[in-house]
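Asks: Protein sequences, first through last, are from chains A and B.
Residue 345, in UniProt numbering, is where the first sequence stops; the numbers in between run on with no holes.
Residue 345, in UniProt numbering, is where the second sequence stops; the numbers in between run on with no holes.
Worth flagging that the hints you see were computed from the coordinates, not collected in a lab.
For each residue, glycine too, the CB sits at the ideal point set by N, CA and C.
Incorrect hints may have been included.
[What the hints assert, rightly or not] Listed next, the in silico EDC-like pairs over lysine to aspartate or glutamate satisfying Cα-Cα at most 20 angstroms (straight line):
#1 A:Lys35 with A:Asp105
#2 B:Lys35 with B:Glu48
#3 A:Lys35 with B:Glu120
#4 B:Lys305 with B:Asp177
#5 B:Lys30 with B:Glu48
#6 A:Lys103 with B:Asp177
#7 A:Lys305 with A:Glu338
#8 A:Lys30 with A:Glu42
#9 B:Lys103 with A:Glu120
[Stated by the list, open to error] Here are a few chain B residues that sit away from chain A, every Cβ distance over 12 angstroms (derived from the structure):
#10 Ser24
#11 Thr37
#12 Ala49
#13 Arg63
#14 Ala95
#15 Glu145
#16 Ala184
#17 Val238
#18 Asn251
#19 Gln270
#20 Phe328
#21 Leu335
Protein chains: 2
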Amino acid sequence: MAKQGEQKRSRPTIHGVAARAGVSTATVSKVVNGKKTGVSAETRRRVEAAIREMGYRPNRIGRNLRTQRHGAVGLAIVDPSPRFLADPFTTNLVAGLSNHLSKNDFGLLLYGVLPGRLAECSLIRISQVDAICLNPSGDRAERIESMRLVAGLGQPLVVFQDQPVPDLPDACFVRQDDHGGSAAIARELLRRNPRRAAMVITDIQWPAVENRVAGVSEVFADHNVTLDLIPCDETSAVAITDATTRYLDRNGIPDVIVGQNDQIAIAAIQVLRSRGLRVPEDVAVSGFNAFPFTGLAVPPLTTVKSRAYEIGVTAAGAIIERLESGIFSETDHLLPLELVHGQSI
Amino acid sequence: MAKQGEQKRSRPTIHGVAARAGVSTATVSKVVNGKKTGVSAETRRRVEAAIREMGYRPNRIGRNLRTQRHGAVGLAIVDPSPRFLADPFTTNLVAGLSNHLSKNDFGLLLYGVLPGRLAECSLIRISQVDAICLNPSGDRAERIESMRLVAGLGQPLVVFQDQPVPDLPDACFVRQDDHGGSAAIARELLRRNPRRAAMVITDIQWPAVENRVAGVSEVFADHNVTLDLIPCDETSAVAITDATTRYLDRNGIPDVIVGQNDQIAIAAIQVLRSRGLRVPEDVAVSGFNAFPFTGLAVPPLTTVKSRAYEIGVTAAGAIIERLESGIFSETDHLLPLELVHGQSI
DNA sequence: CTGAAAGCGCTAACAA
DNA sequence: TTGTTAGCGCTTTCAG
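Please construct the entire structure, taking both the sequences and the accompanying hints into account.
Replies: In structure tokens form, the structure reads like this:
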């Protein structure tokens, strides 16, 4: 007696619901999973009532074991800082990914990983997910190593922002055209007929940074504009202003300053203004990303609108489709970017 | 024949390993789980060899089903915006929570939830985590409703930033002393002998905002300082500057402007400067949060250093302990805050 | 020290 | 339409 029906204050299972509704577990399962067919309206009502009364919530583990699906996607963000969500680009990407996944009843398992420690991450070691997303950093070789490590798990892989690696078996790349975007910025800057430009960039090697530098240097090289790179720790406002100040002290004032992102551009503008220089009259400055808050810069930045949120959404869509069809129908999603005209050039 | 031993290119299971090593699954399980006792050295070696040769990795789901543990914690962030990770406070909290959880081999399942839609979230509908964290918003009644909804699930609950609700059974509150911090800010502002103050706040009702408003108003009320509230959409720089501008046009220039956070304070400073007003000479301005990048403000903000990352870490610690001991040893963690002296007051 | 066996909660054939 | 049943991969008694 008192074996199944009288469950002893532990959480109700499908058996308890079945007993209460006077049906079999199979029927409850059909109702829970919204199967349209195979259950009479009357039975369905009884089951739904039992579910409500008992506060039954299906246990995902049982379902997972049976279906061999986890209903979750993992995201590893490789970042040297424990504050791996500091950049608005990343947070917008995560929001887009998470929202679109949960719309399809997938969860997002979030991991920040220090460079070189990917293999130790519990996402790789133990967590079971249906697909893994990777936001790699470091130089291209390190990034490829990360991708291969994850690809070796034999799970669908989505890589953000990096150039496709052709021989990864079950992988998909989702990125925006940072190269084209920064080339557009550079062309805009050419109107100032610059002779010398400085580009302030992070000292972390993100693929996006490489592409933005490449886009700018190619355009400038074609027009004999010298390009100096100023690397710094972009997470610290002081570090940016210090590095910029040091550059100006040593090299004099360039004709244009290219910010690798808007925060950097704003910091550069601060430095210039503190020296009594006017933007854009004396020095033109450009940003990158155009997230809402950077609209506050004075003067308004000429920048490029990044599409981080859409990258997340696109990735989620690709994963859902891959999981349903068994294959990534498209393995390289490249989102085009557009210039935002401000008054800083 | 060919039933268990010859597994057909799918991942090896504990049965395959057992067959190969010529032992039972129970023995393999002991070896896999590092049980020190109950397995002879010789047997252990054979099993380990089989594991290596077959590249066996235990399936987490099977283990979970048996142990009734999910190895994951859920976080629901209630936010009217789909960009639920826009605020640095939230992202720091998430980073701290995620990092400390994964250090203990727990995953973090992240959900952005629209107000009033919590019940529809799969985190709530389906049992898939060992504990739930809630970052509530809305007015106190709505927040309490959210808490009760989650608490009704019978899972350990951690609530961020809100005032404790005494009768929630298995819950723990983790928050910082926004009230005390903003009172400190207000006392600092009193040095300017203000008669009238304006506080620019978000139009979303976060508990932190309530506390910050309360801390400021109490101090000001004691000293007969009028306090006007200026609500606006803080995610948009333009909305902040518009609301502030409108206020100044209608009410004239207050003696001090209290920003509910640093972004808002910076926007307010922009507005004041564009009118030729000096900060702090003509108007004192204060911020809140002191995340790295806001050090860039001119003049440097007088603000309060928030401890979002530590809130996340504290919550993770509380959850781990709760899961091990069966009870939250402390149900209210209140982190003290400190003033950061800048030059904006 | 080792193995047989009983499930953990759920789904999906298949049978009725 | 509904129920019976056989597992999914694993851990854990308990008996040998």
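Asks: Take the hints in turn and mark each one as holding or not.
Replies: Results for each hint:
For a cut-off of 20 angstroms, the pair hint linking Lys35 of chain A to Asp105 of chain A stands: about 16 angstroms separates their Cα positions. At most 20 angstroms may separate the alpha-carbon atoms for a hinted pair to count; Lys35 of chain B and Glu48 of chain B meet this at roughly 13 angstroms. About 18 angstroms separates the Cα atoms of Lys35 of chain A and Glu120 of chain B, which keeps this hinted pair within 20 angstroms; it holds. Distance hint between Lys305 of chain B and Asp177 of chain B is fulfilled; the C-alpha atoms sit about 11 angstroms from each other, no more than 20 angstroms.
This hinted pair checks out: Lys30 of chain B and Glu48 of chain B have alpha carbons roughly 11 angstroms apart, not beyond 20 angstroms. For a cut-off of 20 angstroms, the pair hint linking Lys103 of chain A to Asp177 of chain B is broken: about 35 angstroms separates their Cα positions. Only pairs whose Cα atoms come within 20 angstroms are accepted, and Lys305 of chain A paired with Glu338 of chain A is accepted, the gap being roughly 6 angstroms. At most 20 angstroms may separate the alpha-carbon atoms for a hinted pair to count; Lys30 of chain A and Glu42 of chain A meet this at roughly 14 angstroms.
A hinted pair counts as satisfied when its Cα atoms are at most 20 angstroms apart, and Lys103 of chain B with Glu120 of chain A qualifies at roughly 10 angstroms. For Ser24 of chain B, the requirement that its beta carbon stay farther than 12 angstroms from each beta carbon of chain A is met, with the minimum near 21 angstroms. For Thr37 of chain B, the requirement that its beta carbon stay farther than 12 angstroms from each beta carbon of chain A is met, with the minimum near 24 angstroms. Every Cβ of chain A is farther than 12 angstroms from the Cβ of Ala49 of chain B; the closest lies at roughly 21 angstroms, confirming the non-interface assignment.
In this structure Arg63 of chain B is not separated from chain A by more than 12 angstroms, as the shortest Cβ-Cβ distance comes to only about 9 angstroms. At roughly 5 angstroms from the closest C-beta of chain A, the C-beta of Ala95 of chain B falls inside 12 angstroms, breaking its exclusion from the interface. The non-interface label for Glu145 of chain B is consistent with chain A: the shortest C-beta to C-beta separation is roughly 16 angstroms, beyond 12 angstroms. Residue placement check: Ala184 of chain B keeps its beta carbon more than 12 angstroms from all beta carbons of chain A (closest about 23 angstroms).
At the 12 angstroms boundary, the C-beta of Val238 of chain B falls inside the reach of chain A, the nearest C-beta of that chain being 6 angstroms off. Against the 12 angstroms criterion, Asn251 of chain B stays outside the reach of chain A, whose nearest CB is about 22 angstroms from its own CB. Distance check on Gln270 of chain B: its Cβ comes as close as 6 angstroms (rounded) to a Cβ of chain A, failing to clear the 12 angstroms threshold; non-interface status is violated. A cut-off of 12 angstroms between C-beta atoms confirms that Phe328 of chain B is not in contact with chain A; the least separation is 19 angstroms.
For Leu335 of chain B, the condition that its CB be more than 12 angstroms from all CB atoms of chain A holds, with the nearest at approximately 17 angstroms.
In summary, the structure is inconsistent with hints 6, 13, 14, 17 and 19 from the numbered list given earlier, while agreeing with the others.
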